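So the sequence lines, in the order shown, correspond to chains A and B. Going letter by letter, the first sequence gives residues 1 to 427 in this note's numbering. Going letter by letter, the second sequence gives residues 1 to 458 in this note's numbering.
The set of hints was computed from the structure by calculation and includes no laboratory data. Any given hint could turn out to be false.
Stated by the list, open to error - Between beta-carbon pairs, the in silico distance windows are:
(1) A:Asp18 to B:Gly356: 37 to 43 Å
(2) A:Asp18 to B:Gln79: 41 to 47 Å
(3) A:Gly225 to B:Glu425: 45 to 51 Å
(4) B:Gln79 to A:Lys352: 49 to 55 Å
(5) B:Glu425 to A:Arg53: 33 to 39 Å
(6) B:Gly356 to A:Ala197: 46 to 52 Å
Stated by the list, open to error - Derived SDA-like pairs (lysine to any residue); straight-line CA-CA distance at most 25 Å:
(7) B:Lys415 to B:Arg2
(8) B:Lys415 to A:Lys49
(9) B:Lys415 to A:Gly23
(10) A:Lys401 to B:Asn443
(11) A:Lys263 to A:Arg106
(12) B:Lys415 to A:Glu386
(13) A:Lys50 to A:Gly23
(14) A:Lys401 to B:Gly452
(15) A:Lys49 to A:Ile27
Remember, it's a predicted structure, so these values are computed and weren't measured experimentally. Beta carbons: idealized from backbone N, C-alpha and C, even for Gly.
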Amino acid sequence: MIESVICTGCGCLCDDLDVTVEGDRVIEVANVCLWGVNKFIATKKFHSKKDRRRLLAPQVRRKGRAFDISYDAALEEAGKILIQARRPLVYGLTNNGSWAQEAALRLARRWQARLEPGDLAFMAPYYEALARHGLYWTPLEEIRDEADTILFWGANPIHSCPRHVVRYSVFSRGRFTERGAEERQIAAVDIYPTETAKFCKPFIQIDPGQELELLQGLAAHLIEGQEPPKRVKGTKKLVKLLSEASFGAIFVGRGVSYGPARKLWEGLARLVVWLNTRVPFSLFPLASDFNSVGLYHLLLRETGSPYAPDFGAASGLSSHPTPVDWREVDALLVTGADLFWFMSEDQVQALKERRVPIIVLSPFANRTTAKAQVVFPVALSGIETEEVAYRMDGLPVELQKLISTPLRPDHQVLADLEQILGGSTGG
Amino acid sequence: MRLKIAQGHLYDPAQGWDGEVGDLYVEGERLVAPLAEVDLVIDAQGQMVLAGGIDLRGQVATYGLNMLRLWGRLPSPQQIGELYAGLGYTHVHEPFLTLYTAKYVHRELSALPIVDTSASLALNLRDLDKWLRAPEQLGEVEQNIQFLVEQTRALNVRITEPYVRFRQDYYAHRNIATENLVEILASLAQRQNCPLTLEASPELLRQPLPEPAAFHLAALGPALTEVELVQAALNHLEQGGTADLGLMQPSGYESWPNLPVQINMGFFHPLDLCPRPSKGAAARALELALQYQGANLAFSGAGPFQAPVSGYARMFSWLTDPRARLQDWGTELGDRAYSLADWINMTRTLPARLLGLKDRGHLSVGARADLAIYNLPKITDKINWSKHLGRCRTLLKAGTRVIDNFNLINPEIAKATYYLQTGSEASPWLGEMCQYRSFRLENLWVHDHLGGDWVGVQ
Chain A
1 MIESVICTGC GCLCDDLDVT VEGDRVIEVA NVCLWGVNKF IATKKFHSKK DRRRLLAPQV
61 RRKGRAFDIS YDAALEEAGK ILIQARRPLV YGLTNNGSWA QEAALRLARR WQARLEPGDL
121 AFMAPYYEAL ARHGLYWTPL EEIRDEADTI LFWGANPIHS CPRHVVRYSV FSRGRFTERG
181 AEERQIAAVD IYPTETAKFC KPFIQIDPGQ ELELLQGLAA HLIEGQEPPK RVKGTKKLVK
241 LLSEASFGAI FVGRGVSYGP ARKLWEGLAR LVVWLNTRVP FSLFPLASDF NSVGLYHLLL
301 RETGSPYAPD FGAASGLSSH PTPVDWREVD ALLVTGADLF WFMSEDQVQA LKERRVPIIV
361 LSPFANRTTA KAQVVFPVAL SGIETEEVAY RMDGLPVELQ KLISTPLRPD HQVLADLEQI
421 LGGSTGG
Chain B
1 MRLKIAQGHL YDPAQGWDGE VGDLYVEGER LVAPLAEVDL VIDAQGQMVL AGGIDLRGQV
61 ATYGLNMLRL WGRLPSPQQI GELYAGLGYT HVHEPFLTLY TAKYVHRELS ALPIVDTSAS
121 LALNLRDLDK WLRAPEQLGE VEQNIQFLVE QTRALNVRIT EPYVRFRQDY YAHRNIATEN
181 LVEILASLAQ RQNCPLTLEA SPELLRQPLP EPAAFHLAAL GPALTEVELV QAALNHLEQG
241 GTADLGLMQP SGYESWPNLP VQINMGFFHP LDLCPRPSKG AAARALELAL QYQGANLAFS
301 GAGPFQAPVS GYARMFSWLT DPRARLQDWG TELGDRAYSL ADWINMTRTL PARLLGLKDR
361 GHLSVGARAD LAIYNLPKIT DKINWSKHLG RCRTLLKAGT RVIDNFNLIN PEIAKATYYL
421 QTGSEASPWL GEMCQYRSFR LENLWVHDHL GGDWVGVQ
C-alpha cells in the first residue's frame with residue numbers, strides 16, 4: 001500500500017489517499033471520492049462501475065477511420081499539421097501537470113500559436129475583477145482554520161470538487177473551527193436546488209438572470225447602506241450572514257460563466273474588498289480541473305498576464321481575456337481537456353466542415369479523440385508518471401508515480417512535438 | 001578551466017584589501033593560489049574586482065507575489081535573474097517561506113535563472129505557543145525547528161511576528177507579548193548558536209532586546225515610523241546586533257491605483273505586497289544608514305513594490321554619493337559617503353556571514369569564484385556610482401563567465417538552492433503542532449524533484 005497519495009480528480013488535490021497496488025495495477029483506493037476514483041480505476045465520473053476506455057496506442061485518422069500507428073509515425077503525422085498551420089491553437093491544459101503546461105507553453109511559443117486555457121471564460125473575468133479591485137488572498141489552510149462564514153455562489157462543490165466541503169470549507173475541523181459545520185454559517189446561491197441545499201442555510205434559489213440583481217441588492221445594503229430599488233428574495237438573509245462574519249470566503253463556481261460573468265465577478269470583487277475593510281474575506285474561484293490554477297500561475301509568471309497568450313500575433317505577444325473565435329483557427333492541439341464536450345454541435349460541425357486538423361493528447365478516449373487526426377495516448381499524471389500540480393489555492397504538490405506504463409508522459413510528447421519545429425528537447 | 005584575473009583593483013574587507021592592484025587565480029569553481037599556467041587571462045586593469053553580491057532579503061518567490069504581475073509590478077523570473085546578474089549579484093535569499101508554502105517558494109526560486117537562491121523558514125509562533133511557554137521544552141522546540149528547516153529546505157529561521165496574538169477573544173489567554181517573547185527567543189538563539197532573524201517592526205524596536213547580538217533585525221526601513229526608532233535601531237547595531245536596511249524609494253508610486261494586495265499566510269497580519277509608502281520612514285532608513293559607522297548593517301530593499309531590484313543601483317548611489325541624495329530626496333542628508341569597503345561589507349561580506357555561506361563574500365583562496373568586476377571610476381571624475389556599481393562589466397559564477405563586457409553570455413549557467421542540513425529528528429509533538437494542516441505531514445516536506453539543483457550546507 002502506498003500512503004498519502006495525491007488525488008488528481010479535481011483542484012482539491014486531496015493528499016490523503018491510500019492506494020493498494022498489485023503489479024502494475026491499482027486495486028484499491030481509500031479516502032477517494034467518486035470523482036477521484038475514475039482516475040485511479042479508469043471508470044466514468046460518478047459511475048464507478050462503468051469503465052472508461054483507455055487509449056493504448058497512437059492513432060491516426062484516414063478517411064474517417066482510426067488506425068493504430070507507431071509513436072514515430074504519429075509524430076510524423078502531427079509534424080505535418082504543425083508545419084502547415086498558420087493560425088494554430090493549443091487548447092486545454094487545465095488537466096495537465098505543470099511540467100506538461102510548461103512544455104505546452106514552449107511549444108506554443110515556437111509554433112507561434114495561441115494558447116487557451118480550457119476554463120478561460122470562467123477565470124479571465126475573475127482576474128480582470130482582481131486587477132480592478134485588488135486582492136485579499138487566503139489559502140485553504142487558513143479558510144479551514146478560521147472561516148466562520150462560507151458562501152457558495154453558482155457552485156456545487158459536491159459535483160465539482162466533492163471533498164472540498166469535508167477538507168476545507170464546511171465540515172472540516174480547523175484550529176478555530178473544531179466543531180466543523182457547527183462553527184460555520186454556510187449559504188449558497190444557485191439557480192437550481194443542488195445537493196448543497198442540504199447543508200446550506202440559507203440556500204438562495206434565484207431565477208436565471210437574477211444574479212446581478214441579487215448582487216446589486218447586497219452591495220446597496222452593505223456598501224451604500226440603502227434599500228435596493230428591487231429586492232431579490234433572500235437578499236436580507238445574505239446581508240445578515242455577511243455582516244455577521246468574522247472571517248469569510250465566497251467560493252464561486254463555473255455557474256457564473258453561463259451568465260454575465262464579467263459583471264458578476266466585478267460585483268463580487270467589489271463586495272469582497274468592502275467586506276475586507278471590516279473582517280478578512282476572500283473571493284475564491286472553485287477550480288474543478290486539477291491544475292487549472294497551475295496554468296494561470298505559469299501564464300502570469302512567464303507572460304506577465306493570466307489571459308490566453310497569442311504568440312502568432314503580428315504585433316508580437318498579445319494576451320486575450322476572451323475565448324478564441326473558432327473561425328480563426330486552422331489547426332488545433334488539445335491536451336488536458338475534452339474540448340468537444342464543451343462545444344456546441346454547430347461549433348463542432350463548423351470545425352469539421354473547415355477540416356481543421358486536430359492533434360490530441362489524452363490518457364482516455366473521449367469526444368475529442370473521436371474526431372482527432374492524430375491521437376497520442378499518454379501516461380496518467382500522479383499514477384503512471386510523476387508531475388507537479390497546484391492546488392486550487394495555488395500551493396504546489398508533487399504527484400507520485402505509483403505504477404509503470406509503456407506510455408509516455410504528456411510533457412515528453414509535447415517536447416517531442418516542439419522538437420519537430422526545431423526546439424530543444426525540453427526540460 | 002584555469003583563469004587569471006590580471007591586475008585588477010582588489011577589494012575585500014575580510015582581508016583588508018582596499019583597491020590594491022593584484023592578480024586572482026581560479027581553478028574550476030574556486031579561487032586558488034597563483035598558478036604557473038592558465039587557460040585564460042581576464043584583463044582587469046582599471047577595474048574593481050569584488051566578490052559576487054548577495055541579496056539578504058530579496059523577495060522574489062513569496063507566496064502570492066506572482067499576482068503583482070497582474071499590475072505589471074513584478075518583472076518575469078528571467079528578467080529578475082538578469083537584473084541581479086547585471087548588478088553583480090550571484091545569490092538571492094527569499095525571506096518568506098512558511099511550512100505550507102515551502103514548495104511554492106522553491107518552485108518559484110527554481111524558475112529564477114543565473115543566481116543561486118535560498119530561503120528563510122518564516123515561523124508562525126502561534127504554532128509553537130504551548131511549548132514556548134515551558135522553558136524545559138525549549139530544547140525540543142529548537143530540535144523541531146531544525147527538523148522543519150531541513151525538511152522545508154530552508155537556510156535559516158525568521159520570525160515575522162515576534163509575539164503570539166490570536167484574533168479570537170477566547171484564545172486571549174494564550175497571547176504572548178513581545179517583551180516576554182524576546183527573552184524566550186534569545187534563549188533559542190543561544191541554543192542554535194547563531195543569530196535569530198526577526199522582521200523589524202516599530203513594536204520590536206521599542207522593546208529593548210535582552211541579547212542584541214543574538215538577533216538580526218530584517219528590513220528596518222518600514223519599521224522606522226518615528227524619529228526615536230532610528231536611535232533604537234542604532235543602539236541595537238552598536239550593541240553588537242546586526243540588521244539589514246530595508247531601503248525604500250521615495251517616489252515612483254504615482255501610477256499605482258492604491259489597491260489592496262494582501263496575502264493571508266496565517267500570521268496575525270496579512271502580508272501586504274503593496275504597502276502604502278511612507279516617505280518619512282524611507283528617509284529615516286537612509287538617515288540611519290548614513291549615521292551608522294560600523295560593520296553590522298547589511299543592504300536590503302523593503303520588497304519588490306517599494307524597492308524593486310531595478311532600483312538597487314540608484315539606492316547604492318544614495319549611500320555613496322551625496323549628490324545622488326540631493327537629486328532624489330531634495331537634500332544631501334549630510335556629507336557622509338560610504339567607502340567601497342563599507343558598501344562591499346553590506347552587500348557581500350556581512351550577508352554571506354549571516355547566511356552561513358562561508359565560501360562567499362570574500363576573495364580568499366578556497367572561496368568560490370563568484371567575482372563581480374566593475375569599471376573603476378577615475379578619481380577626477382564626478383563619480384556616478386549608480387552607473388559604476390549598478391553595471392557589472394564581468395561576472396563570474398563558480399569560475400564560469402556569465403557576463404562579459406557588460407553582455408550576458410551565459411544565461412543558462414547552473415544554479416542551485418542552498419539549504420541547511422541539520423540532521424535533526426522530529427520530536428513526538430511535531431504531529432500535534434501540525435495537526436491543523438490540511439496536508440499530511442509527509443506531503444509538506446520538499447523533495448528533490450520539486451525545485452532545481454540542491455546544495456545542502458552544514
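Each hint tested on the structure:
no. : hint                             : in the structure
1   : A:Asp18 to B:Gly356: 37 to 43 Å  : 39 Å, holds
2   : A:Asp18 to B:Gln79: 41 to 47 Å   : 44 Å, holds
3   : A:Gly225 to B:Glu425: 45 to 51 Å : 58 Å, violated
4   : B:Gln79 to A:Lys352: 49 to 55 Å  : 43 Å, violated
5   : B:Glu425 to A:Arg53: 33 to 39 Å  : 48 Å, violated
6   : B:Gly356 to A:Ala197: 46 to 52 Å : 57 Å, violated
7   : B:Lys415 to B:Arg2               : 20 Å, holds
8   : B:Lys415 to A:Lys49              : 49 Å, violated
9   : B:Lys415 to A:Gly23              : 38 Å, violated
10  : A:Lys401 to B:Asn443             : 15 Å, holds
11  : A:Lys263 to A:Arg106             : 33 Å, violated
12  : B:Lys415 to A:Glu386             : 23 Å, holds
13  : A:Lys50 to A:Gly23               : 23 Å, holds
14  : A:Lys401 to B:Gly452             : 19 Å, holds
15  : A:Lys49 to A:Ile27               : 14 Å, holds
When the structure is compared with the earlier hints, violations turn up for hints 3, 4, 5, 6, 8, 9, 11 and for no others.
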